[in-house]
Amino acid sequence: NAGVMQNPRHLVRRRGQEARLRCSPMKGHSHVYWYRQLPEEGLKFMVYLQKENIIDESGMPKERFSAEFPKEGPSILRIQQVVRGDSAAYFCASSPLQHEQYFGPGTRLTVT
Amino acid sequence: KQEVTQIPAALSVPEGENLVLNCSFTDSAIYNLQWFRQDPGKGLTSLLLIQSSQREQTSGRLNASLDKSSGRSTLYIAASQPGDSATYLCAVMSSGGSNYKLTFGKGTLLTVNP
Numbered sequence: 119n120a121g122v123m124q125n126p127r128h129l130v131r132r133r134g135q136e137a138r139l140r141c142s143p144m145k146g147h148s149h150v151y152w153y154r155q156l157p158e159e160g161l162k163f164m165v166y167l168q169k170e171n172i173i174d175e176s177g178m179p180k181e182r183f184s185a186e187f188p189k190e191g192p193s194i195l196r197i198q199q200v201v202r203g204d205s206a207a208y209f210c211a212s213s214p215l216q217h218e219q220y221f222g223p224g225t226r227l228t229v230t
Numbered sequence: 053k054q055e056v057t058q059i060p061a062a063l064s065v066p067e068g069e070n071l072v073l074n075c076s077f078t079d080s081a082i083y084n085l086q087w088f089r090q091d092p093g094k095g096l097t098s099l100l101l102i103q104s105s106q107r108e109q110t111s112g113r114l115n116a117s118l119d120k121s122s123g124r125s126t127l128y129i130a131a132s133q134p135g136d137s138a139t140y141l142c143a144v145m146s147s148g149g150s151n152y153k154l155t156f157g158k159g160t161l162l163t164v165n166p
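Going down the list, the protein sequences come from chains G and Z.
So the number in the numbering used here is just where the residue sits in the first sequence, counting from 1, plus 118.
So the number in the numbering used here is just where the residue sits in the second sequence, counting from 1, plus 52.
In short, the hints are calculated from the structure, not lab data.
Among the hints, erroneous ones may be present.
Calculated lysine-lysine pairs in the DSBU-like style (CA-CA distance at most 35 Å, straight line) [claimed, not checked]:
{"no.": "1", "chain 1": "G", "residue 1": "K180", "chain 2": "G", "residue 2": "K162"}
{"no.": "2", "chain 1": "Z", "residue 1": "K120", "chain 2": "G", "residue 2": "K189"}
{"no.": "3", "chain 1": "G", "residue 1": "K189", "chain 2": "G", "residue 2": "K145"}
{"no.": "4", "chain 1": "G", "residue 1": "K189", "chain 2": "Z", "residue 2": "K94"}
{"no.": "5", "chain 1": "Z", "residue 1": "K120", "chain 2": "G", "residue 2": "K145"}
{"no.": "6", "chain 1": "Z", "residue 1": "K53", "chain 2": "G", "residue 2": "K162"}
{"no.": "7", "chain 1": "G", "residue 1": "K145", "chain 2": "G", "residue 2": "K169"}
{"no.": "8", "chain 1": "G", "residue 1": "K145", "chain 2": "Z", "residue 2": "K158"}
{"no.": "9", "chain 1": "G", "residue 1": "K169", "chain 2": "G", "residue 2": "K180"}
{"no.": "10", "chain 1": "G", "residue 1": "K180", "chain 2": "Z", "residue 2": "K53"}
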């Protein structure tokens with residue numbers, strides 16, 4: 119059973135471009151969570167999704183950020199018009215039920 | 053609002069030493085507590101998960117304890133090895149309506165010197 123997969127592992131974008139980060143949960147997991155790790159900071163919760171539903175997006179910036187988890191395919195975290203402050207590691211986790219989360223390797227976004 | 057603090061921020065020890073990493077949290081209404089390992093530029097590897105009803109968990113040379121009432125957890129590493137060098141993260145899942153959201157500490161950077 120493959121673990122949580124994230125791609126790309128590294129992403130470089132210029133200011134103003136869009137970044138799309140993908141997360142494929144473990145087989146049989148219908149709950150997906152996104153966390154962000156800024157330099158010198160701990161991981162912070164961003165959003166929790168189940169298939170086709172956003173359950174809690176309280177940790178996500180109100181503008182430029184969006185997330186989805188469609189019926190088919192991976193979960194997508196989308197950042198529009200990226201700025202330097204968006205540079206961070208973005209981690210996805212999945213779980214079969216709510217409680218034990220399994221983390222992916224992360225996507226490291228660099229905004230130049 | 054749950055806050056998680058890890059002490060020390062960094063620790064350097066010689067190989068073979070036993071060591072303790074500390075984690076404290078402000079709200080004792082937790083569902084579980086988890087210790088992770090993070091290697092530079094890599095993802096998170098779950099080491100131990102302690103449910104709120106448990107006092108400790110063990111895996112190999114690792115032992116994690118939980119004192120929910122005082123808001124503390126410790127990770128004990130026996131006979132440390134250079135391969136244990138990594139950042140160790142403590143994360144708490146609060147109970148109640150948001151019992152899916154992990155709150156992380158900033159981690160302890162451990163260096164084990166050969």
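Legend entry - Pair hint G/K169 and G/K180, alpha-carbon separation not exceeding 35 Å: Distance ~21 Å between G/K169 and G/K180 Cα, so the pair holds.
Inset, instruction - Please work out if G/K189 and G/K145 have their alpha carbons no farther apart than 35 Å. - result: At roughly 14 Å apart (the allowed maximum being 35 Å), G/K145 and G/K189 satisfy the hint.
Inset, instruction - Given the hint that G/K189 pairs with Z/K94, test it: the Cα-Cα distance must not exceed 35 Å. - result: Cα-Cα ~29 Å, so holds.
Legend entry - Distance restraint between G/K180 and Z/K53, which requires alpha-carbon spacing of 35 Å or less: Holds, because 20 Å separates the two Cα atoms, which is no more than 35 Å.
Legend entry - Hint consistency between Z/K120 and G/K189 [alpha-carbon to alpha-carbon, up to 35 Å]: Given pair Z/K120, G/K189 is violated - Cα atoms ~39 Å apart, limit 35 Å.
Inset, instruction - Take the C-alpha atoms of G/K145 and G/K169, compute the straight-line distance between them, and say whether it is at most 35 Å. - result: Answer holds: G/K145 to G/K169 is near 13 Å, not above 35 Å.
Inset, instruction - Mind checking the alpha carbons of Z/K120 and G/K145 for me, to see if they're no more than 35 Å apart? - result: holds (33 Å)
Inset, instruction - For the pair we were handed, G/K180 and G/K162, check the Cα-Cα distance against 35 Å. - result: holds (15 Å)
Legend entry - 35 Å Cα cutoff - pair G/K145, Z/K158: With a Cα-Cα distance of about 30 Å, the restraint between G/K145 and Z/K158 holds, given a limit of 35 Å.
Inset, instruction - Compare the distance between the alpha carbons of Z/K53 and G/K162 with 35 Å, and conclude whether the hinted pair is satisfied. - result: holds (13 Å)
Of the numbered hints given earlier, the model fails hint 2 alone.
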